[in-house]
Amino acid sequence: MKHLLYLGSAIVVALVLGAGSAWWVVAGSGSEAVRYGAWKFYPLVGSSAASDLLRARIARGGLLALNRSEAIYFIADRDEQGDELRRVCTYRLEGRDLDARWWSITAYAEDLHLIPNALNRYSYNDANVDREPDGGYAIHLSGSPRDGNWIPTGGEGAFDLALRIYSPGPTLSGDLDAVELPRIIREGCPDR
Amino acid sequence: MTLVLAAIVHVGAIRVYPSAIMLAFKTQYTSNRVFHVPKVTAGKLRIVRPSPDLLYSLAVFDLEGGPLRITAPVPGSYVSLSMYGSNTDNFYATNDRSLSGPEFDVVLIGPQDSEPDLEGASVVRAPGETGVIVFRYFIGDGGQVEKIRTARQRIVLRPVG
Numbered sequence: 001m002k003h004l005l006y007l008g009s010a011i012v013v014a015l016v017l018g019a020g021s022a023w024w025v026v027a028g029s030g031s032e033a034v035r036y037g038a039w040k041f042y043p044l045v046g047s048s049a050a051s052d053l054l055r056a057r058i059a060r061g062g063l064l065a066l067n068r069s070e071a072i073y074f075i076a077d078r079d080e081q082g083d084e085l086r087r088v089c090t091y092r093l094e095g096r097d098l099d100a101r102w103w104s105i106t107a108y109a110e111d112l113h114l115i116p117n118a119l120n121r122y123s124y125n126d127a128n129v130d131r132e133p134d135g136g137y138a139i140h141l142s143g144s145p146r147d148g149n150w151i152p153t154g155g156e157g158a159f160d161l162a163l164r165i166y167s168p169g170p171t172l173s174g175d176l177d178a179v180e181l182p183r184i185i186r187e188g189c190p191d192r
Numbered sequence: 193m194t195l196v197l198a199a200i201v202h203v204g205a206i207r208v209y210p211s212a213i214m215l216a217f218k219t220q221y222t223s224n225r226v227f228h229v230p231k232v233t234a235g236k237l238r239i240v241r242p243s244p245d246l247l248y249s250l251a252v253f254d255l256e257g258g259p260l261r262i263t264a265p266v267p268g269s270y271v272s273l274s275m276y277g278s279n280t281d282n283f284y285a286t287n288d289r290s291l292s293g294p295e296f297d298v299v300l301i302g303p304q305d306s307e308p309d310l311e312g313a314s315v316v317r318a319p320g321e322t323g324v325i326v327f328r329y330f331i332g333d334g335g336q337v338e339k340i341r342t343a344r345q346r347i348v349l350r351p352v353g
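Those protein sequences? They're chains A and B, same order as listed. The numbers in my numbering rise by one with no breaks, and the one at position 42 of the first sequence is 42. The numbers in my numbering rise by one with no breaks, and the one at position 88 of the second sequence is 280.
Because the hints were derived from the structure by calculation, they are not lab data. Cβ coordinates follow ideal geometry from the N, Cα and C atoms, glycine included. A couple of the hints might just be wrong.
[Stated by the list, open to error] Away from chain B, derived, C-beta distances all over 12 Å, residues of chain A:
{"hint": "1", "residue": "Leu4"}
{"hint": "2", "residue": "Gly37"}
{"hint": "3", "residue": "Ser142"}
{"hint": "4", "residue": "Asp191"}
[Stated by the list, open to error] Some chain A residues near chain B, calculated using beta-carbon distances under 10 Å:
{"hint": "5", "residue": "Gly20"}
{"hint": "6", "residue": "Ala127"}
{"hint": "7", "residue": "His140"}
[Stated by the list, open to error] Short, incomplete list of chain A residues facing chain B, as computed with Cβ under 10 Å:
{"hint": "8", "residue": "Val16"}
{"hint": "9", "residue": "Thr106"}
{"hint": "10", "residue": "Asn117"}
{"hint": "11", "residue": "Ser123"}
{"hint": "12", "residue": "Tyr166"}
Model the full structure from these sequences, guided by the hints.
Okay, here's the thing in C-alpha cells:
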C-alpha cells in the first residue's frame, strides 16, 4: 500500500512537472526568435522545418500563421529601450513603408486578443494610416485620445504589437538586418 | 524515475500540443463547408491574434471522401488562399497576383490520391486527410468591403467527381 501511494505520488508529480514545464517553455519566446531591435521574428513560422517547440508556440500565439513566402510577422513586447510594453504608458511608433504589398500594425492584450475600446480601433495598415509630409507615419499608443493615428491601449497589464507584412519583396526575403522596422518610443509612464 | 517521467511528459506535451489545438479548432466547424468570419472586434474569438485588417473565410477539409475543388473569384484587392495540415504547418499559400486565370481554382488531394486532370486547376497535395483552408481578404481603408463580401460569398468548395 505504501509503495502504491509512493508510486502514485511520483506519477502525479511527474505529470505536473512535465506539463507545467512544457507550458512554461511554450509560453516563452525561445531561441527560434531572431531579434531586430524591439522586434522578434520567427523565420520558420508555418514551415515544415519548424521544430515541435516552435509549432507549439505558434499554436498558442498565432494559430494559422502564414509561412514566410506569403507573410512575415514581427512581434514586439518591449520598447526600443528594452522595457516591457505596458498599457499604463504612452508610446509613439515611427515608421516608413516596407518592401511589401501591404503591412499592418496591431496591438494585443496579454490574453493575445484585441484590446477593447469604444472606437473599435485596434490597428493601422498602409492604406488607412495618416502620413507625415515625408511619407512616413507616427502612431500613438495610449489610454487617452491623441490627434492623428491613435490606437487606444489604456488599461492594466502588458501588451504587445504584431507587425504583419504581406507579399514581402526581395529585401525582406533574405537578411533582415538592413530593414528599417518601426521604432517604438516610450513617451511616458505614470510611475516614471 | 519521477524526473525521467516528467521529461517524457514534457517532450510529449510539446509534441502533441499543436495537433490538439488544431483538433479543437477543427471540431468547431462542419467539414468541407465554407464559413465567412465577420470583421473581427475585441472579445474572445475562436482564434488568438486575429487581424482586424482582414476578412477571413475558412473551411475545415476532410479528404476521406476524395479530392475537393476550390474556386473563388478575386475582388480586385489582396486575397490569399492558404492551407494548413493537422500539425499547424502551412503547406500551401498563394495570392491573387500569382493566379494564372481570373480566379482561384485549386484541387486539393489527399496523400494517397492520384492526380486528377482538371483543366485550369492547380493540384495541391495535402500532407494528411484533414486540415484547414483559409482565405484572407485585405480590407485596406474599408472602401472595398462590399466588393470583398460579394466575392467571398462566391467561394465554392465541392467534391471532385
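Going through the hints against the structure:
1. Residue-level check passed: Leu4 of chain A sits 14 Å from the nearest beta carbon of chain B, beyond 12 Å.
2. The claim that Gly37 of chain A is not at the interface with chain B holds, since no C-beta of that chain comes within 12 Å of its own (minimum 21 Å).
3. No Cβ of chain B comes within 12 Å of the Cβ of Ser142 of chain A; the nearest lies about 17 Å off, and the non-interface call holds.
4. Every CB of chain B is more than 12 Å from the CB of Asp191 of chain A (nearest about 26 Å), matching its label as outside the interface.
5. Below 10 Å, beta-carbon pairs count as interface contacts, and Gly20 of chain A has one with chain B at about 9 Å; its hint therefore holds.
6. Proximity of Ala127 of chain A to chain B holds as hinted, the smallest CB-CB distance being about 4 Å (cut-off 10 Å).
7. A distance limit of 10 Å between C-beta atoms decides the matter here; for His140 of chain A the minimum to chain B is near 17 Å, and the interface restraint is violated.
8. Hint status for Val16 of chain A: holds, given a least beta-carbon distance of 8 Å to chain B, under 10 Å.
9. The interface hint given for Thr106 of chain A holds, since its Cβ lies 6 Å from the closest Cβ of chain B, which is under the 10 Å cut-off.
10. Interface hint at Asn117 of chain A: satisfied, since its Cβ lies 7 Å from the closest Cβ of chain B, which is below the 10 Å cut-off.
11. Annotation: Ser123 of chain A was flagged as interfacial toward chain B, and the flag holds, the nearest CB pair being 5 Å apart, inside 10 Å.
12. Because the closest C-beta pair between Tyr166 of chain A and chain B is about 6 Å apart, less than 10 Å, the hint holds.
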